[in-house]
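Q: Each chain sits in its own coordinate frame; assemble them with the hints.
Keeping their order, the protein sequence lines are chains F and D.
To convert a position in the first sequence, counted from 1, into my numbering, add 7.
To convert a position in the second sequence, counted from 1, into my numbering, add 2.
Heads up, some of the hints might be wrong.
Which bits of chain F does chain D cover? Going by a derived footprint, with three or more residues having C-beta under 8 Å, they are [unchecked claim]:
(1) 90-96
(2) 186-195
(3) 202-213
(4) 234-240
A few chain D residues that face chain F, going by a derived Cβ cut-off under 7 Å, partial list only [stated by the list, open to error]:
(5) Leu20
(6) Gln47
(7) Trp52
(8) Val55
(9) Ala108
(10) Pro112
16 Å max Cα-Cα, derived EDC-like pairs, lysine to aspartate or glutamate [to be verified]:
(11) F:Lys147 to F:Asp112
(12) D:Lys190 to D:Glu111
(13) F:Lys237 to D:Glu249
(14) F:Lys253 to D:Glu56
Worth flagging that the hints you see were computed from the coordinates, not collected in a lab.
In this text, a Cβ means the ideal position worked out from N, Cα and C, and glycines have one as well.
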Amino acid sequence: MSDSTILVGAVAYDPKAVTIWEGIREHYSDQGVAMDFVLFSNYERQVESLLQGHIDVAWNTPLAHARVRRRTQNQSVSLGMRDSDRDFRAKIVVRRAAGIKSIQDLAGRTLAVGSRDSTQARILPLQFLRKAGIDLGKLKLLAFDTDVGKHGDTGTSELEVLKALHDGRADAGAVGDLIWVLEQAAGRVDAAKVEVLWTTPPFDHCMFDAAPGAPKEKLERFQKGLFSMKWENPKHRRVLELEGLKMWMAPREEGYASLHEALDLEEKK
Amino acid sequence: MSVVAVDGGDLPLGGGLLALLRPSLSLLRPGGQLALISSAPSVAQDLPAWCRVEHHEYLGADPLPDGRASHRIVRGSLGVARAPLDGGLSLPERADPATGFAPRGAAVEPGGPVYPFTLVERDHVVPPEVGALYEQAVSSQWVAARDIPWGTVKPLPVALEQALSQTMTFLAENELSALYVPSNFLPKIHPAYAEVAMFLATQLNDESRHIEVFLRRARAGGGGLGISSVTTSQSLLSLLELRDFTEAAFLLSVLGEGTFLDLLKFVERFAPDEATLLLTQKARADESRHVHFGLAHVRHALRRDASLYGRLEAAVRRRAATMASAAGVPAPVSDALTILAAGGSDPRGVRKGHEAYRELLETMHENRMKRLEHAGFSPEQAKTLSDLHTPNFM
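One chain only, chain D, in its complex shape (with noise of 0.2 Å):
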């Protein structure tokens, strides 16, 4: 039994005492003791009356020598909550929902609500590479006004101001979905988890920029906007409709940001000017990260859930159903790349630009078998599912 000695001079139980005597009870066992000294006479009435309606045993009072009281009271068993030994460092297994936004290693009190958290399960949750990612992403942040050189943004021939401004309208569209699809998962991650929320969180950020600079690049040369299409925003919706936190790191981090690394190196190599080669670049760089932390989350879960690849091939399977009657890639994107690899509209440069394009699909196709491969796919398993991949890239 552990004893606790705690000197409460003359403070009477309303003014201040309770301040020493609660804080040295949390630290006891229920069952353990603690001897209370006190020179106020009221304590004596007090204290048996709080103790009461605390739960815990008052057992008396032992004069002192010197005139005081030493008051006894033992620990009630209600109401006790005790700290992880480690200080939250280790990821419990499993989360509890009922300790809700307390910090990891943090003391819950019993009793608390339970919070609607459905990503409570370590291993379907958390990569262990998330903390590394993590601040690579908090290291990397940019900032669009001040990172890319708007001012190297000359007038283009009017076809080829056209594809980029399509091609710029395409990437901010799906970095939108990009932005919403991970925010529908945040608030079911269990703050016991909450490596995971701020990784997306930087990854939200991410995104919120390239939509800004896509969006800037675009409007930059004066046509406006281009051309969204019906086959994008049914592939978009498929995603936005994902229930599941790890289907949704698979299509749309594995297959669909994947695929976009390609095209974004696509978009750099053919880049008009240094502003477009530059917020490409860095577009990019964030987007293998996304990639990066995608795998490794799929990685993770299948490694401990045999059945996840069967989910995962069927909500791929799920998904080509819906975009069945998609005839390919949408003709604006596709066009406005085509044009963009030509550097215009010279038929001689559009035959070498057409080239180009098809060459791009073939090495997305390619790249995303290998990334499938990576997350722990048969090589037979990655072929059919890169061949069911939308022909929307995202």
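If we strip away everything but chain F, and leave its shape as in the complex, we get (with noise of 0.2 Å):
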């Protein structure tokens, strides 16, 4: 890209974006940055239109971060996240009538996933059972395919999730820690209905990216913007509050490590 504006990516998962974007842009533009944004219905579009160059930087969930690494043999930059993107975990929750004490208890029952392309509702929960012994063959998933190409970022087929776990369709869950904690807080979760079984270990989540060979200097103005929004400033406040995030952190690798297992293992079948 010629332009000296910084052209981010991110997908309109909610209504939303677009205040939180327009917020963004304007936090940039009050420190003399020029950034404009284009909202893609889906993340496999925008990851494309990342790696033939359309625009410089990426808001890329777990799983289109992992694919931007992989396409461009991790030559990709990797700029910041959020902070409740770091060592996010999935639960695996369970309808207490089930009588489930322990994940090898799961045999023969119903587990409630999410959408095929959350990470944090179906990916890596069932990566992670895998990989505390569990056979998912003798599990009985009812999945919860809503929003595909959103990769669960609009949270939906978490809801269903618990909502299948307090109707009884289901005897056990995995959801994100995120929506877990949040719905307990906001009251929404019946506590004599349903428990939490078992945490995964942890992971990362979102991941702002670009391509290899994105002019250097564009992606250090990106990143100095970024990283100078303050929760304590009200302007910045009301868009820190609807992306979920109290500060934007350094990028790290190390937190995809289980998520690129899960991928190794679907490209060998």
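A: See below:
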């Protein structure tokens, strides 16, 4: 891209994406930095656009990030992530009445899972159960493939999982810990009916990605603007709250190892 | 480091535990430690995730001999709100527009929106007397329908009735401006100084009641209302257009309502019936409180900001310039006051009425100068400013 404007891609998983990115653009503009955004309807199209050089930066889910890494032989540039993207975990939650006391008891039971492209509600909880020695072939999966292409961003499939647990369609379910904690804090989980059984090891979530060879100066301007957003600043806070973070953090790759393992396994099939 | 212990019983995180945990954490300073004793096994899995989302640090759990666990949490530093220790008794020198409508003394979570309050400096907004004046205002409220003996209004000779109706029309028109002008400033006063807004609310209520009684008296004679003159209209617009709270307090309350005290006393003195006497008397008591507040406001502000003398004088001069085309007191008003003082249209009485009216103008000027000197102006300044005051009285 020859223009000095930093062009950022994001997926419009919710109408609030417009509010968020208008707010971020205004923040960059306040800093004297030209930044604009392009909204995509799905992560697959966004990743293609990044790799073809149509956009400078893509705000990617872990799955989209892992795909960018694999497609570029790890030559892509990771720019930053939310504090809330680090050490994400998934939960296996159970219906109390189902009498499940350990993950070994899941055999033969119905496990509700989220969309097939949701890292936190499907790909990684299943990967971690597998690594813990659970034979996934013995589980009855009740899958909620909602909003495919949005990689679980909308959270709808996780809410479906919780609903299935509450009304008895599933014995257990996989959800990200963010939704699990927020739904509990909001009083929307009936603690008498549903409780947590197991917590997965940690993994990392979204990442800002740039293609290999992207202009370094542009990426530095992008990072400088990003890291200058502060929770204490009311203008920033509105955007940060909407985007679900309290501060932007430096990138790190080790949190995606488990996801790469799951994708390796998928590719071998 | 402060340590607080909370007994969470067997409550799960989503089953009420947070209602115990969150208030206890808010008692701690960032870095302070809390121990949560719990017998619910799910807490070990849910608490770390909740701490992560809320930016507290989860240190881990220690088993207790009775089988329960003690979870250790370090309070994070985000979203920390601390209440002032005096419960908000003292007024901040400068109020923060980001505290919005939070009552003074509340612990305000940081990061809230900035409110458009512009009157945020204590010494420009809050005279020390405001508390006492508010109490006085609240205990002196009266009711037009109940407290005025309307039955004492009897038919008057036509000329006197017309004069009274004209006087009441003029009073009501000016009181309407006194209702609107302070309303401009009320939403600009920072709620940390709510006492001032609350006093102004009593003032607005007073003005409403005055408008009600003046119009009721004007209509009671059956002849309808009098004339609204251009001089009055110009004068009141120049008040409505004021954008500075202290300038408005000075022009409206000290000079305008101050001059009105003498006018009301004059009407009282020549009141043709008990109802008119009482309603002007009661209105004057209220107005004198408004003048007192205006004086206190201006005196307090002048004491802290010497440049204010020049600004107030300039405001009076600007207003006088917009009123330059006005020849003097609006004719319908001076005529009405003369006839009122004369008690009718008999020429011998009118001579006396005219004398009384001329004395009124002199009294208004003298008392204005006294009030100006009381506010802190020199005798020379006071004379200049009083001379420049609007011929409309208000």
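Q: Now tell me, hint by hint, if it's right for this structure.
A: A quick look at each hint next to the structure:
1. 90-96: holds (count 4)
2. 186-195: holds (count 7)
3. 202-213: holds (count 4)
4. 234-240: As far as the stretch 234-240 of chain F goes, the hint holds, because 3 residues have Cβ atoms under 8 Å from chain D.
5. Leu20: holds (6 Å)
6. Gln47: Holds, because the Cβ-Cβ distance from glutamine 47 of chain D to chain F comes to roughly 5 Å (cut-off 7 Å).
7. Trp52: The hint holds - tryptophan 52 of chain D has a Cβ within 7 Å of chain F, the shortest such distance being about 5 Å.
8. Val55: holds (5 Å)
9. Ala108: Where the cut-off is 7 Å and the nearest Cβ of chain F is about 17 Å from alanine 108 of chain D, the hint is violated.
10. Pro112: holds (6 Å)
11. F:Lys147 to F:Asp112: holds (13 Å)
12. D:Lys190 to D:Glu111: Measuring from Cα to Cα gives roughly 22 Å; hence the hint is violated.
13. F:Lys237 to D:Glu249: violated (39 Å)
14. F:Lys253 to D:Glu56: holds (9 Å)
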